[in-house]
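Following the hints, complete the assembly by docking chains H, L and G onto the known chain W.
There are 4 protein chains.
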Amino acid sequence: MDYQNLLENIYYQVKNQPNKGELATYIPELARINPDKFGISLQFLDGQSYNIGDAQEKFSIQSIAKVFAFSLAISLVGKEIFKRVGVEPSGNSFNSLVQLEYEKGVPRNPFINAGAIVVADILISNLKNPKEELLLFIQKAAGKKIEYNLQVAQSEKSTGFRNAALANMLKSYGNLENDVENVLDIYFHLCSISMTCEELATSFKYLCNGGKLITSDERLLTLSQTKRLNALMQTCGFYDEAGEFTYKVGLPGKSGVGGGIIALYPEKFTIAVWSPKLNVKGNSLRGMKVLEQFTTDSQLSIF
Amino acid sequence: MDYQNLLENIYYQVKNQPNKGELATYIPELARINPDKFGISLQFLDGQSYNIGDAQEKFSIQSIAKVFAFSLAISLVGKEIFKRVGVEPSGNSFNSLVQLEYEKGVPRNPFINAGAIVVADILISNLKNPKEELLLFIQKAAGKKIEYNLQVAQSEKSTGFRNAALANMLKSYGNLENDVENVLDIYFHLCSISMTCEELATSFKYLCNGGKLITSDERLLTLSQTKRLNALMQTCGFYDEAGEFTYKVGLPGKSGVGGGIIALYPEKFTIAVWSPKLNVKGNSLRGMKVLEQFTTDSQLSIF
Amino acid sequence: MDYQNLLENIYYQVKNQPNKGELATYIPELARINPDKFGISLQFLDGQSYNIGDAQEKFSIQSIAKVFAFSLAISLVGKEIFKRVGVEPSGNSFNSLVQLEYEKGVPRNPFINAGAIVVADILISNLKNPKEELLLFIQKAAGKKIEYNLQVAQSEKSTGFRNAALANMLKSYGNLENDVENVLDIYFHLCSISMTCEELATSFKYLCNGGKLITSDERLLTLSQTKRLNALMQTCGFYDEAGEFTYKVGLPGKSGVGGGIIALYPEKFTIAVWSPKLNVKGNSLRGMKVLEQFTTDSQLSIF
Amino acid sequence: MDYQNLLENIYYQVKNQPNKGELATYIPELARINPDKFGISLQFLDGQSYNIGDAQEKFSIQSIAKVFAFSLAISLVGKEIFKRVGVEPSGNSFNSLVQLEYEKGVPRNPFINAGAIVVADILISNLKNPKEELLLFIQKAAGKKIEYNLQVAQSEKSTGFRNAALANMLKSYGNLENDVENVLDIYFHLCSISMTCEELATSFKYLCNGGKLITSDERLLTLSQTKRLNALMQTCGFYDEAGEFTYKVGLPGKSGVGGGIIALYPEKFTIAVWSPKLNVKGNSLRGMKVLEQFTTDSQLSIF
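Chains as they are written, first to last, in the working numbering: chain W, 1 to 303; chain H, 1 to 303; chain L, 1 to 303; chain G, 1 to 303.
Heads up, a few of these hints could be off.
No copy labels: a pair is met if it fits in one copy or bridges any two.
Unchecked claim - SDA-like, lysine to any residue: derived pairs with alpha carbons at most 20 Å apart:
#1 Lys58 / Pro28
#2 Lys145 / Ser194
#3 Lys79 / Gln293
#4 Lys79 / Lys289
#5 Lys58 / Ser155
#6 Lys104 / Val280
#7 Lys37 / Ser194
#8 Lys212 / Thr296
#9 Lys20 / Gly282
#10 Lys289 / Ser224
#11 Lys104 / Lys281
#12 Lys212 / Gln299
#13 Lys289 / Glu8
#14 Lys281 / Glu292
#15 Lys281 / Phe82
#16 Lys83 / Thr215
#17 Lys289 / Gly86
#18 Lys104 / Thr159
#19 Lys131 / Glu147
#20 Lys157 / Glu181
#21 Lys83 / Glu57
#22 Lys281 / Glu103
#23 Lys37 / Gln13
#24 Lys289 / Gln225
#25 Lys268 / Ser125
#26 Lys104 / Thr222
For the record, the hints were derived by calculation from the structure and aren't laboratory data.
Predicted model only: the values in this text are computed from it and were never measured.
Chain W extracted, bound-state conformation (with noise of 0.2 Å):
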């Protein structure tokens, strides 16, 4: 198949639509984005890529990262995590409290802010340098330097009053092992790491290659743990809308409130998506109808 054709079609039959939705406003470096930015990145594990738009800038992949920060999680404690976040798709909005409480302190996944932020706390219990060692994952992953954005850390800090309550939730249901303000230094971190189309695309690659990193053959996790997280991915990997991408994409992926999306087909290739106006779930308006009709188009989805 002609993928650099079928692409492009795609990107300018998307393109030339009025750009719907909405920024994320509720810090700076989101809200002032241009809005326009639009970008694809296409990558086979057999090597052949295909970048188009704005594919080589770099934006905020926000909620993506938390697939990194799970991944190094599971690699260290394995099945432990169960015990402190579930694998069930959570039905309410992304940050919902009444779900935490319902569910007596335990995430309903690890997709969830709530579930993140455990698994931020697992982080700090099992590593020294939980930050450094944590983007020291991303940048294995992605084959080259990745950072943290600071400013963005920042602004997501002085405004993350939410995030604080369900911290301090998980920590009164005794789900946090370190201090609130500690989980959350990290978590706000790994919201603020930015990476381009390329990058994100090629940083999923041991996702869809079993476990192991294309460049080296290292494994970052097991088969069954790879097979398991995209799993996941499928169930949870777009808050309330995790449905509605299953069933019109049909592939395992992740979304983030920069705009950002990443979907694989395991053992054949991944795609990043990058538009920032949001539809009303949060998920980006552009990046859903991209990956929807290319799943459509070529067939590939995994159902």
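Relative to the frame of chain W, chains H, L and G by itself:
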């Protein structure tokens, strides 16, 4: 791979563990089933077929039949169906009124009870003899005569106050077009269908085969509808345990409180398991174990 | 104090403001009421009596009748009633299924719909001719002939899907002894009773008089039952606005969606107001204003 | 009536029953209280005063102090306060985040924790030295020196993650003007106040006396504010047991997890009870019994 050997190993390994869990007891027909019944049927599209244990004994497929009803409904009305029922996992137990109220009368998905009741309503509005035509659809999928169990249907009706509550609530929200009583009649008949593991595995082959019957090449659903229905089973097929099933098994599937589970790998195989004792989430305890072990050992998960 | 003058001042002051709010429209009998109807009846135990406006015109007292049904039920079964219905304010809208599910089928109090349906069930279980005997009880309280409005009862039934949902849910939790249909029949008749403000104020005098009829000294409730029923009206008589009513008016009372409100000061007086337009919480907008003004001006709140 | 005799009878009758319930254990200062402490103080506006048992021993009044904080706040800002906190019973446990989320950051009433945190924020915004001036207000009501227990305040802080969660959530909804930390500091100090039953009964006399101090005739609240505050205690003073308390006792009042309960009959008397063991709703078990018995025997309920 020697699937006969693989399945036998799993079957005996699971059978030799204590038979935990509880029978469904809300109707006598389920309560008095021999709890040690245990069968598996694995059928590949290429014709390979493996049956173990009680694979040729009829049991009440219960909610699994919702997949047939939804298939028929979407083949009749297409995407219009999603004005009346969603595609998101429920995040709550399968007959929750809370969820329904929160969502203003639009069930989260067609596989929770409220959603299947709406599907039944759609069948009545679009078919001359809905009860007969639904059965014909199932018979076509199965390639043989399948019947409602009228005694089960009657028992469902005489204890089905919670489903009557759901139907009345849907009616109050304007999301039922037909009389509550007529809709429930279809619904209770739908839940009463009996099949063997072998019949079940056979009858789901159209979903494995891109929407077409294996036997005649007749198309029941479009390719796109089929992929999406499979995706829907992945996120919503196991009540509040859909995440767990996806995580551990990694195949789209559907369970019923009769102890049956069907799962499938698109373009490869279908697999049906029956063991009547249920875990706390209402899914066959041994069935879950068999499928987890099968995809782990065979590495045949879609992720 | 010159109550005639006081009431007239309040009446005209409220009447001269724009007549805001909305009529109940779910049944035609309520929807086509003249929205400008407005009456007040104030009656002291010592015999003083003041009627203003449309105080002698019949209207549908709706949920106010739940107080009579509960009175009769507690006189029949005593404290046993609290095994099946609570005494706590609902904190949610008056016909919430969420609350009922959360509380496992025990309605929060006898004045929300679910609670009144349980009360109707108790009447059936304890009376030979429940519909007739309930009416006789009300006639005794009113000291005159009072009737069900059969047309209203029929309309309630033909639109009462939400109440049917509640009744079926109660049945599913084992908190209805009798057939859903029979229970709803009593319930819908209960809601259909018509009275004038004057009749309403008269018929609540037994609750003002320690449980005894003024006219004959016959005891309908014990003193303790009476005090407790008044307390219950205080905390639960106004759906999700009970706090507001207590805060602003400071009298025990009960409202109905027909626009009627009854309130009373133990051992002193009863006061009934009728104005059909409702606020967003479902209570008579002008009725609330009249009562707030009355207790503020007269300082006759119980607090 | 011989109140000394009446109270003694009730006191010994309750004391002779097994001392059921549980101590609050979340801070050591409450956990190590002698669970058999038991005191009553009844004080009439006309000067009659009755103390029994440990009525002159200090205990932690905990949430009872929220009444003082609310009194001071409403005396400062008047009705404006109701833009930020409601007057409806909560229908849920006293520190529920669910409720707060459902209500979009406006606490249901000023006596649940979230509401009292908003009240603390209002005090900071309107007072120069809020901690000192709040204490002065309480001392004025008590007519003597009252102190914060700094050790209790510190313990509350070091375990108060749930309150920190509530405060952060209020902040995220824009319903806190000041720093989370400062607001919680006032809140935790407020909860730390110690009083005896006698002091408590004395210090609530202004609410019994139309808003004025008995001793000096100085007005702390207007008559209308006083009546409304009493009404608010009636519907919201006992967490999720306000209905039960109203139903059984029939007096406005407030409880604390230190085992104290204050109740009052407007223009007649105040009554304070202390017994540290709590029922499952968090209210003093013996305290509830004493008050129910007292209003039943004396017929001194307001209903």
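So, going through the hints one by one against the coordinates:
1. Lys58 / Pro28: within (16 Å within a copy, 52 Å between copies)
2. Lys145 / Ser194: Within. Shortest intra-copy distance 11 Å satisfies the 20 Å Cα cut-off; inter-copy 59 Å does not.
3. Lys79 / Gln293: Intra 36 Å, inter 16 Å, cutoff 20 Å: inter-copy only.
4. Lys79 / Lys289: Answer is between; shortest inter-copy Cα gap is 17 Å, intra-copy 35 Å.
5. Lys58 / Ser155: within (18 Å within a copy, 47 Å between copies)
6. Lys104 / Val280: Close across copies (18 Å), not inside one copy (28 Å); limit 20 Å.
7. Lys37 / Ser194: within (15 Å within a copy, 55 Å between copies)
8. Lys212 / Thr296: Classified as between: cross-chain Cα gap 18 Å, same-chain 29 Å, threshold 20 Å.
9. Lys20 / Gly282: So Lys20 and Gly282 pass the 20 Å test inside one copy only (13 Å; across, 38 Å).
10. Lys289 / Ser224: Only across copies: Lys289 and Ser224 sit 16 Å apart there, 31 Å inside one copy, limit 20 Å.
11. Lys104 / Lys281: between (25 Å within a copy, 18 Å between copies)
12. Lys212 / Gln299: So Lys212 and Gln299 pass the 20 Å test across copies only (16 Å; inside, 26 Å).
13. Lys289 / Glu8: within (14 Å within a copy, 45 Å between copies)
14. Lys281 / Glu292: within (16 Å within a copy, 32 Å between copies)
15. Lys281 / Phe82: between (26 Å within a copy, 17 Å between copies)
16. Lys83 / Thr215: Neither. Shortest intra-copy (34 Å) and inter-copy (47 Å) distances fail the 20 Å Cα cut-off.
17. Lys289 / Gly86: between (29 Å within a copy, 18 Å between copies)
18. Lys104 / Thr159: Only across copies: Lys104 and Thr159 sit 17 Å apart there, 26 Å inside one copy, limit 20 Å.
19. Lys131 / Glu147: Within one copy only: 11 Å inside, 45 Å across.
20. Lys157 / Glu181: both (10 Å within a copy, 15 Å between copies)
21. Lys83 / Glu57: Neither: 39 Å inside a copy, 38 Å across copies.
22. Lys281 / Glu103: between (22 Å within a copy, 15 Å between copies)
23. Lys37 / Gln13: Within one copy only: 15 Å inside a chain, 55 Å across chains, cut-off 20 Å.
24. Lys289 / Gln225: Between copies only: 18 Å across chains, 29 Å inside a chain, cut-off 20 Å.
25. Lys268 / Ser125: Answer is neither: 35 Å inside a copy and 43 Å across each miss the 20 Å cutoff.
26. Lys104 / Thr222: neither (31 Å within a copy, 43 Å between copies)
Violated hints, listed in ascending order, are 16, 21, 25, 26; each of the other numbered hints is respected by the structure.
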